[in-house]
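Q: Taken in order, the sequence shown gives residues 348 to 959; the numbers are from my numbering.
You may find that some hints are simply not true.
To be verified - No farther apart than 30 Å at their CA atoms in a straight line, the calculated lysine-lysine pairs in the DSS-like style are these:
1. K683 <-> K719
2. K935 <-> K833
3. K827 <-> K841
4. K683 <-> K700
5. K719 <-> K703
6. K424 <-> K444
7. K581 <-> K703
8. K595 <-> K642
9. K703 <-> K595
10. K444 <-> K673
11. K683 <-> K642
12. K804 <-> K827
To be verified - So the derived label-pair ranges between C-beta atoms look like this:
13. D666 <-> K804: 48 to 58 Å
14. I408 <-> A623: 28 to 38 Å
15. D915 <-> D443: 26 to 36 Å
16. W389 <-> A410: 39 to 49 Å
17. E800 <-> S662: 30 to 40 Å
18. E870 <-> F927: 22 to 32 Å
19. Q420 <-> C480: 46 to 56 Å
20. G470 <-> K433: 53 to 63 Å
21. T476 <-> E641: 48 to 58 Å
Hints are computed from structural coordinates only; laboratory data are not their basis. Every residue, glycine too, gets a C-beta built ideally from N, C-alpha and C.
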Amino acid sequence: MFCLADNIMFDRSVMSRLSSISLLSPSSADYITEVFEMVSKWMDQLVAFYLSNPRSFVAIIFAIIFITYYLRQVVRKPAFFCSDGKFRWFLLANVDKIQEKYWPPIWAIQTHVQTALANYLRGRLPDLTYRSCKENIWTSDGGLISIDWYEPEGEKCGAEPVASSSNTFSDEAKPIALFLPGLTGDSQTEYVKSMVPVAHEAGYRSVVFNNRGRGNMKLLTPRFYCAANYEDLKLALEHIRRQNPDSKIVATGISLGGIVLGRYLIDYGDAALVDAALLISVCWDLLAGAESLEKPGLNFKLNQHLTRSLCGIISENRDIFSTLPKVNVDDVLLSKNLREFDSNFTVKMWGFKSVKDYYSQSSHKGKLCCIKRPTLCVNAADDMFAPVCGYYGNTLPVDEVEESSHVAMIVTSRGGHIGFMEAAEPHKYNVTTYHQTDLPLPELIGASDILTEELRKKLCRHLPARAEGYSWSLIYSSAKHGFSLKTLYREMNKFESPVLMVIEDTFGTVFGALISCCLRVSEHFYGTGETFLFTFGVEGRLQVFPWTGENLFFVKGDQNSISFGAGDGNFGLWLDGDLFHGRSHPCKTFGNPSLSIEEDFVVKALECWAFV
């Protein structure tokens with residue numbers, strides 16, 4: 348029986364559903380009763396806990412709400428902006444972070460906390476060891492800039508790389524990583540100290556550009572640096588290019604360094620002396636950035652801190668700057684924010700019409716179409732220098748980026764200004780080993796006649812993200828299954844992960860391929876940009892040849908042969924149907940040389956490993 352209020356009317360369908368409840372079996376009714384009793388008991392316990400521990404109860408509720416907010420709103424994949432084409436596919440294949448969620452520390456998701464803590468933690472890194480003598484470059488006005496070549500203890504800049512290096516380049520053509528610090532930075536600035544060793548480990552010669560009066564250099568002329576002028580950078584690039592005509596140059600500009608580098612790329616287009624660029628935490632609209640930094644609170648505190656740093660440099664060189672006819676040093680030293688400093692000093696020294704004119708000439712918005720070198724930009728959505736909301740709207744030039752064939756942008760949900768800390772707990776942010784370290788060796792499921800511990804360790808550094816941390820399972824071995832392509836295809840049907848193929852030939856050379864999916868018979872090429880070729884010389888040097896973006900000829904196989912990479916009628920790696928004879932030529936897909944000592948080789952052993 349159900350007691351209903353007289354003023355409530357139920358239609359026939361509702362009454363029929365209610366009637367069905369009374370027809371529940373005794374066991375079902377008992378179950379429902381038990382559930383209600385359990386819920387009632389749990390609610391009583393919850394109320395009792397609240398009454399006895401109200402503060403703890405409220406704290407737990409807030410913690411649950413905060414963690415839910417963190418997981419749903421903070422932890423996200425970065426926004427990726429890039430036009431369709433070769434550059435987009437190259438980045439997707441080689442930059443794993445684009446498709447991974449960014450996990451800022453749960454204890455540091457606020458923009459100023461990220462910025463300040465990253466600065467503090469990286470500041471604890473030991474000073475870098477550079478070449479004992481700075482490489483000084485004289486300017487046409489009698490000024491002096493310098494570049495510092497990174498030279499770890501026990502190594503000489505340009506010397507043969509240590510055995511642990513996976514560098515694929517000869518010493519003469521070893522690529523150069525050029526770093527341009529921010530507003531008051533130099534070669535020992537904390538973020539530079541964290542990035543330079545990473546580039547070195549990746550096989551680059553690292554060099555840092557020091558602006559006039561920075562890097563323990565004395566200012567010799569009354570000329571400073573600014574966001575709108577790249578003449579000193581151009582001079583440094585010409586100097587590096589003359590000394591290293593065969594080396595690729597990848598330039599990384601951070602904050603102000605990124606603005607100057609961007610201006611250079613915009614004005615020089617195809618004639619730029621860098622082969623690729625990375626712009627980190629760039630202020631794309633200086634007027635909007637200045638407006639953001641003048642907001643009351645922590646933004647303005649940061650503004651004042653930067654202004655004091657600049658005024659300190661002016662004060663140290665007061666005698667030199669006093670010779671400028673239009674600059675009143677006393678007025679400069681009284682500047683309370685960056686806009687006042689630029690009005691009192693930068694505008695007058697460089698001859699701009701106004702602060703607005705200076706900021707307009709320094710900003711990149713509306714000019715990115717002129718960049719003709721592959722350029723990746725990295726910004727945080729909460730960077731106070733590049734606001735994405737407010738009076739000026741979104742200052743990130745995402746529309747221009749999506750129309751450019753040479754520019755891409757990654758925007759993380761958090762990160763502050765040059766922060767980008769990524770660790771759930773403080774102890775995981777190890778400042779003494781901030782650069783990439785070796786991961787634990789994965790477990791081998793099956794015995795290998797080819798893989799050594801050294802080769803496994805080096806290959807682990809190049810695996811795609813979805814293969815990292817998994818055990819390596821032997822799915823095909825010529826010693827176990829014999830030399831048969833048909834058998835290899837059959838064994839592959841049981842797996843779906845990427846596959847590592849390792850070959851040892853009768854010359855003693857070890858080489859192979861990492862394939863993004865299991866091998867199969869196909870009329871057309873298949874696979875993705877995760878695929879790469881490699882060779883491991885007898886001297887213990889691993890050379891990896893990733894996808895170049897030239898074509899999509901990754902893998903193709905039939906019953907009689909299988910090939911990896913192609914172009915101009917040549918295959919990067921080709922094996923016949925019995926897997927006993929093979930051939931390797933330079934190919935456009937991977938930009939590789941012949942993987943073996945000779946183009947034609949005989950297979951001594953072949954193994955395929957899946958990641959499970």
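Q: For each hint, tell me whether it holds in the structure or not.
A: Status of each hint after checking the structure:
| no. | hint | verdict |
| --- | --- | --- |
| 1 | K683 <-> K719 | violated (39 Å) |
| 2 | K935 <-> K833 | holds (28 Å) |
| 3 | K827 <-> K841 | holds (17 Å) |
| 4 | K683 <-> K700 | holds (21 Å) |
| 5 | K719 <-> K703 | holds (28 Å) |
| 6 | K424 <-> K444 | holds (8 Å) |
| 7 | K581 <-> K703 | holds (25 Å) |
| 8 | K595 <-> K642 | violated (42 Å) |
| 9 | K703 <-> K595 | violated (37 Å) |
| 10 | K444 <-> K673 | violated (49 Å) |
| 11 | K683 <-> K642 | holds (13 Å) |
| 12 | K804 <-> K827 | holds (25 Å) |
| 13 | D666 <-> K804: 48 to 58 Å | holds (56 Å) |
| 14 | I408 <-> A623: 28 to 38 Å | violated (50 Å) |
| 15 | D915 <-> D443: 26 to 36 Å | holds (30 Å) |
| 16 | W389 <-> A410: 39 to 49 Å | violated (19 Å) |
| 17 | E800 <-> S662: 30 to 40 Å | violated (57 Å) |
| 18 | E870 <-> F927: 22 to 32 Å | holds (24 Å) |
| 19 | Q420 <-> C480: 46 to 56 Å | holds (51 Å) |
| 20 | G470 <-> K433: 53 to 63 Å | violated (39 Å) |
| 21 | T476 <-> E641: 48 to 58 Å | violated (40 Å) |
In summary, the structure is inconsistent with hints 1, 8, 9, 10, 14, 16, 17, 20, 21 from the numbered list given earlier, while agreeing with the others.
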